[in-house]
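Visitor: If you read the protein sequences in the order shown, they are chains A and B.
Heads up, the first sequence is in this note's numbering, so the first residue is 1 and it goes up one at a time.
Heads up, the second sequence is in this note's numbering, so the first residue is 1 and it goes up one at a time.
It is possible that part of the hints are untrue.
The calculated lysine-lysine pairs, modelled on BS3-like cross-linking and capped at a C-alpha distance of 25 Å, are [unchecked claim]:
(1) B/Lys301 with A/Lys210
(2) A/Lys210 with A/Lys194
(3) B/Lys211 with B/Lys301
(4) B/Lys132 with A/Lys210
(5) A/Lys173 with A/Lys210
(6) A/Lys42 with A/Lys210
Computed spacing ranges between beta-carbons, pair by pair [said to hold, decoys possible]:
(7) B/Ile146 with A/Val304: 26 to 36 Å
(8) B/Gln258 with A/Leu330: 32 to 42 Å
(9) B/Ile146 with A/Ile381: 21 to 31 Å
(10) B/Phe32 with A/Val304: 31 to 41 Å
(11) A/Leu330 with B/Ile337: 38 to 48 Å
(12) A/Phe393 with B/Arg5: 43 to 53 Å
(13) A/Ile381 with B/Pro110: 31 to 41 Å
(14) B/His213 with A/Ile381: 41 to 51 Å
To give a feel for the contact side, a few chain B residues facing chain A, derived at Cβ under 10 Å [stated by the list, open to error]:
(15) Arg106
(16) Ser109
(17) Phe115
(18) Thr116
(19) Ile117
(20) Phe120
(21) Leu131
(22) Leu140
(23) Leu143
(24) Val145
(25) Ser254
(26) Ile255
(27) Met257
(28) Met275
(29) Arg356
Read the hints as simulated data drawn from the structure, not as lab findings.
Heads up, the beta-carbon is just placed ideally off N, CA and C, and yes, glycines get one too.
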Amino acid sequence: MQRNNDFQSLKQFLEDGFSESADVEARELQAADKQASLLYVKPLCDSKLIAKYIVSPFWDYQTEAEYTGFLMSFPNCVHHQELDTTINLILSGYVGVFVADRLYLYEAKSIQVSPVAEATVESTVQGPQDAFNESLMTNLNLVRIRYKSDLLQVDYQNVGERSKTQLALLYDKQNVNQQALAELRRELDEIDLKVLLSAGHLQNTLLRRKRWSLFPLVVITERPDRAVKNLSEGKIIVLIDTTPFAVILPSSFGDFFSAMDDYTQLPLIGWFLRLLRYIGFLSTIILPGLYVATISYNPEFFRVQLAFSIVASRAAVPYASYLEVIFMLLMMEFLTEASVRLPRAIGPTATTVGGLILGQAATQAGLISNIMIIIVSVVGISNYVIPIIEMNFAVRVLKYLFVLLATVAGLIGIIIGAILLVFYLSSLTSFGTPYLKMVRGEESK
Amino acid sequence: MKENRFLFYTILINMVSNIIVFVPHILFNGLFDGALMSILISVVIGMTLLVLGTQSLAQFPGESLPEVMERYLPRWFRVIFLSYISSFWYVAGVIVLLAFSTIMTRYLSPETGQFTILFFLSLTVLLVVPLKSSRLLNGLEILFVINIPLIAIILLKSVLEKNTDWEDVYDVCTHLVHLPTLTMIAAASYIFTGYTNLVIFNKETAIKLKKRHYLILGGLGFATLMTSFFIPIGRLGEFSVNRYTFPWIPTSDSISMQYFVIERMMIPFLLVYLMVALVQAVMHWHIGYHLILSLFRQQRKWQNYAVLAAFTLGVGVLQKILDNEYILFEFATYWLIARLFSEIGLVALLIYLAKRRRRHEQQI
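I would like the entire structure built from these sequences, with the hints used as guidance.
Guide: This is the structure we're talking about:
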């Protein structure tokens, strides 16, 4: 009787612990004189294996004893020993089979159905190379195998009147940001869409009230390891079926500047890399404006020799510096846009034609100064130092504001721009958390 | 320190920005007539006000001055006192804007025209002022962390610079024993005024100041006064410093950075101080804005716009009245003196309120 009680309470405990999560399957098998129940995490297990080795034999054997004997004859089937081990086994793809007051754990791990590709948008040097793909189950598998905790909660939701796209909200039950979760749920309930196209589309729909924001307020990633790291920090991951990208929220400005490499390298080197990205960010937004301000307003800004060489290289250029900057920046934008859209085979042609021939010819024709070419290349390169591609796009727009301010007010314009930028960033919020903040982990007011 | 940090930022930014509101110029005008003595006395006065003011405000954690006054004082007094005191913050912001637009026109961008520069600066400040206090302080923190190292480098560079005439500095020191003047005390004690911003920011920051914090603040204030007083004397000479309205700018122009892409120290100095000045103006107006808004019985959206519009209009009017820097300088001098007495009044009120609260608690 005692034993029976234990078993019932264990079964109850496991089912309660897991069943809140939508991807957990708890199933009863009932025949005339025998019964069994199954408990497993669906995306982690192979349903064919379960059907062939667990469900069919149940109907083939006469008694429960024969059935358990059959199960235990497999090397990948074990008895229940301790609660923790059992939870871990179930979370790593074992099926819990409750028969005759005993719990058997049968390994039925799913072997990847759709191949997991290498990360191409956010590549790292020494980190894991897996990327999310278009299948929600695969993506859940990629997260689950990296986050083997029963605190991981998965909620399903459908979005889109016609597309009925399945979303999975993943979060750590213990340390999730409750305020953000509530706000996300509210926003998701209010979504009124025909079809949901992609992670970026979801971002725009969620943040439709902040449509005029210049900066991305949620991180969109293709890396399961980034998703898992953010899960452990109490953030929410939204996986979207049919999209190889996940949405992470709430996000802060600093999140867009961290690459997964920062954690695989030594801490000091990680810091250096992060500093490098901030310097890159600053130079890409300020350099074009600074060029206009120094050439047209304050040539004495630089030391004399440098000022002379800048002026000398500009001697043949017939128009004001702001036009020069805008022409060159636009040229660069065209090149970037073209090389994104061009088929792989023709891609290099555009870069060669644009980079080499145009740059050289434009200076020799006296349309653009040499210094300008250097600045545009620095701007172009340092723009792509920022690891999250959304921020790249935001920064591409931002530098024109600085060019505009520098054109109308010179160096004063740049300082005004910097101050407005800082206050603008600190006035933004992403799902209730401040976007830019020096000290983390404080309550927002 | 973590919960106190915003308090330190407001006080330190105020110390750093003394150069803009004519403090050094006022001191140099009385170089041999008690400037040093006034500095020493003003450290005592300023620190006393700071300690009394912060300790009294610490009795009301998480409350701004208007909210505290609403509990203890009649409405007519509140309206009169708050509108009087808010004008000081507003005028402080205007002086910063006017002085800095003058500086910018003269030293950085003579072709642009003062009015255009003033327009851009005021527009920037007006865009930032209506932010929530907590957000504003977050931004302030970031600008502070960016600027303070730059200011430290500039000051260090100017102290270590060769060809500084220390003889002149020693000579000025021999004039220590001399009667101080009210004007100079009022000017020098301005350094310690940053804590008054707490009348609004008290909502966002805790005041947990211990003895060592006060010692640090007093030391920093004294060091700020000493550097902003002695370095221009050493660079420009004791008999010619008082000829410059903004003596720190020629001082920074006399320093060259031999091994850097920018040779003249003046331009980075101006740009860093432009940032400091704008932050300072934002803070002043933010406080003034909130004090004025607290006068209304019911909060409505149009009041915010009306106050901001009045601020803008006021800048235009004051720019017309104070259109040259002599008048502006005179105005700033009177403002500094009036400020000293109003500050004493404000601190007295804070002490009274703290006493009222204690008595109130005892009754319960």
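Visitor: Decide, hint by hint, whether the structure agrees.
Guide: Verification of the hints:
For the given pair, B/Lys301 sits about 20 Å from A/Lys210 by alpha-carbon distance, which is consistent with the 25 Å threshold. Using a Cα cut-off of 25 Å, the hinted pair A/Lys210 and A/Lys194 holds, with the two alpha carbons roughly 21 Å apart. Annotation: proposed proximity of B/Lys211 to B/Lys301 is violated, straight-line Cα distance about 43 Å (limit 25 Å). Taking the CA atoms of B/Lys132 and A/Lys210, the gap is near 17 Å; set against the 25 Å cutoff, the hint holds.
A C-alpha spacing of about 28 Å is found between A/Lys173 and A/Lys210, which places the hinted pair above 25 Å, so the restraint is violated. A threshold of 25 Å between alpha carbons decides the hint, and for A/Lys42 with A/Lys210 the separation of about 37 Å lies outside it, so the pair is violated. For the hinted restraint 26 to 36 Å between B/Ile146 and A/Val304, the CB-CB distance of approximately 28 Å keeps it satisfied. Evaluation of the 32 to 42 Å hint for B/Gln258 and A/Leu330 yields a pass: the beta carbon distance comes to about 39 Å.
Taking the beta carbon of each, B/Ile146 and A/Ile381 are about 24 Å apart, inside 21 to 31 Å as hinted. Take B/Phe32 and A/Val304: their Cβ atoms lie about 39 Å apart, and the range 31 to 41 Å holds. Distance hint check: the CB atoms of A/Leu330 and B/Ile337 are about 56 Å apart, inconsistent with the given range 38 to 48 Å. Distance hint check for A/Phe393 and B/Arg5: the Cβ-Cβ separation is about 34 Å, which falls outside the suggested range of 43 to 53 Å.
Checked against the given bound of 31 to 41 Å, the beta carbons of A/Ile381 and B/Pro110, roughly 36 Å apart, stay inside it. Checking the proposed 41 to 51 Å range against B/His213 and A/Ile381 shows it holds: the Cβ atoms sit about 46 Å from each other. Restraint check, B/Arg106 versus chain A: the minimum CB separation of about 13 Å is more than 10 Å; hint violated. With a least beta-carbon distance of about 5 Å to chain A, the hint placing B/Ser109 at the interface is held under the 10 Å criterion.
The interface hint given for B/Phe115 is broken, as the beta carbon of that residue sits about 13 Å from the closest beta carbon of chain A, more than 10 Å. Here the hint on B/Thr116 is kept, as its CB sits about 8 Å from the closest CB of chain A, short of 10 Å. Hint on B/Ile117 holds. Least Cβ distance to chain A is approximately 6 Å, under the 10 Å limit. Proximity of B/Phe120 to chain A holds as hinted, the smallest CB-CB distance being about 5 Å (cut-off 10 Å).
The beta carbon of B/Leu131 comes within 5 Å of a beta carbon in chain A, closer than 10 Å, and the hint placing it at the interface holds. Given hint, B/Leu140 at the interface with chain A, holds; its Cβ is 9 Å from that chain's nearest Cβ, closer than 10 Å. With 10 Å as the threshold, the beta carbon of B/Leu143 comes within range of chain A, its nearest partner Cβ sitting at about 6 Å, so the hint holds. The closest approach between the C-beta of B/Val145 and any C-beta of chain A is roughly 6 Å, which is under the 10 Å cut-off, so the hint is satisfied.
Nearest Cβ of chain A to the Cβ of B/Ser254: about 15 Å, over the 10 Å cut. The hint is violated. A least Cβ separation of about 14 Å between B/Ile255 and chain A goes past the 10 Å threshold, and the interface hint is therefore violated. Of the supplied interface hints, the one on B/Met257 holds, with its beta-carbon coming within about 8 Å of a beta-carbon of chain A, less than 10 Å. For B/Met275, the interface hint holds, the least distance from its beta-carbon to any beta-carbon of chain A being 6 Å, beneath 10 Å.
Because the smallest distance between the Cβ of B/Arg356 and any Cβ of chain A comes to about 27 Å, over 10 Å, the interface hint for this residue is violated.
Going through the hint list in order, the structure does not satisfy hints 3, 5, 6, 11, 12, 15, 17, 25, 26 and 29.
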